[in-house]
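If you're matching positions, the sequence shown starts at 1 in my numbering and goes up one per residue.
Calculated directly from the structure, the hints in this document are not laboratory data.
Take every hint as true, because none was put in to throw you off.
As a list, the in silico SDA-like pairs of lysine to any residue whose alpha-carbon atoms are at most 20 angstroms apart:
1. Lys83 / Gly41
2. Lys132 / Phe50
3. Lys159 / Gly148
4. Lys159 / Phe50
5. Lys83 / Thr142
6. Lys138 / Asn67
Distance windows between CB atoms, simulated:
7. Leu185 / Thr139: 23 to 29 angstroms
8. Phe193 / Val106: 32 to 38 angstroms
9. Ile146 / Glu192: 26 to 32 angstroms
10. Lys176 / Glu68: 31 to 37 angstroms
11. Glu192 / Lys150: 29 to 35 angstroms
12. Thr174 / Val93: 17 to 23 angstroms
13. Glu192 / Ala91: 19 to 25 angstroms
14. His160 / Arg75: 17 to 23 angstroms
All residues carry an ideal CB built from backbone N, CA and C; glycine is no exception.
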Amino acid sequence: MFCKRDAELSFRNRIPMEHMRLKPKKRRSIRLQDYNYAQPGIYFVTLCTFENLALLGEISNGVMILNEAGGMIERWWNKIPEKFSCVQLDAHVIMPDHLHGIVSIVGADPCVRPGRKPATDSGAHTGAPLHKIIQWFKTMTTNEYIRGAKELKWPSFNKHIWQRSFYEHVVRRTDKMDRIREYILNNPLRWEFDRENLETLSPDF
1 MFCKRDAELS FRNRIPMEHM RLKPKKRRSI RLQDYNYAQP GIYFVTLCTF ENLALLGEIS
61 NGVMILNEAG GMIERWWNKI PEKFSCVQLD AHVIMPDHLH GIVSIVGADP CVRPGRKPAT
121 DSGAHTGAPL HKIIQWFKTM TTNEYIRGAK ELKWPSFNKH IWQRSFYEHV VRRTDKMDRI
181 REYILNNPLR WEFDRENLET LSPDF
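Given only the sequences and the hints, what does the whole structure look like? Please build it.
Dropping the structure here:
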């Protein structure tokens, strides 16, 4: 769905081969129409790097080895609850070119009700819609990555760190929660398989 790039990019010669990925298949959106993503709920989210560049580390013998950039991504992910008091984090994994995580919105603005849009003046910390939470995370990590690329020679990138959209799945049942946790924790072991079957980055649970 969201993890796509043009395999014939004109700048490809400036990107080391180990930072490149295969062109993925197009995946469908499962965003629920008229669903209020600010209300309390559990969400499985996937963020992919722009053009699927492997910027965040490498897989070695089924284990994800974070580079400095990947460690920075993990640090900002763990800071989300500090910024948004309504959020609790569950299992997550950072892969070379994407991130999977479970985000629980446990408290929303009192004005928010299912089927209604949040109040425009509700603020960032209370009842923040899921997309605003993810946008904050993308902004923080992008700013620091740019500094790292300039000062610490982190892997080069083309204009953006993250793809504009992200994948989300509303978790409605506890049995699905267990399956999603298992999928996340086993993701590094599935790396070689997923490289050939990139539609599995957004599986249907």
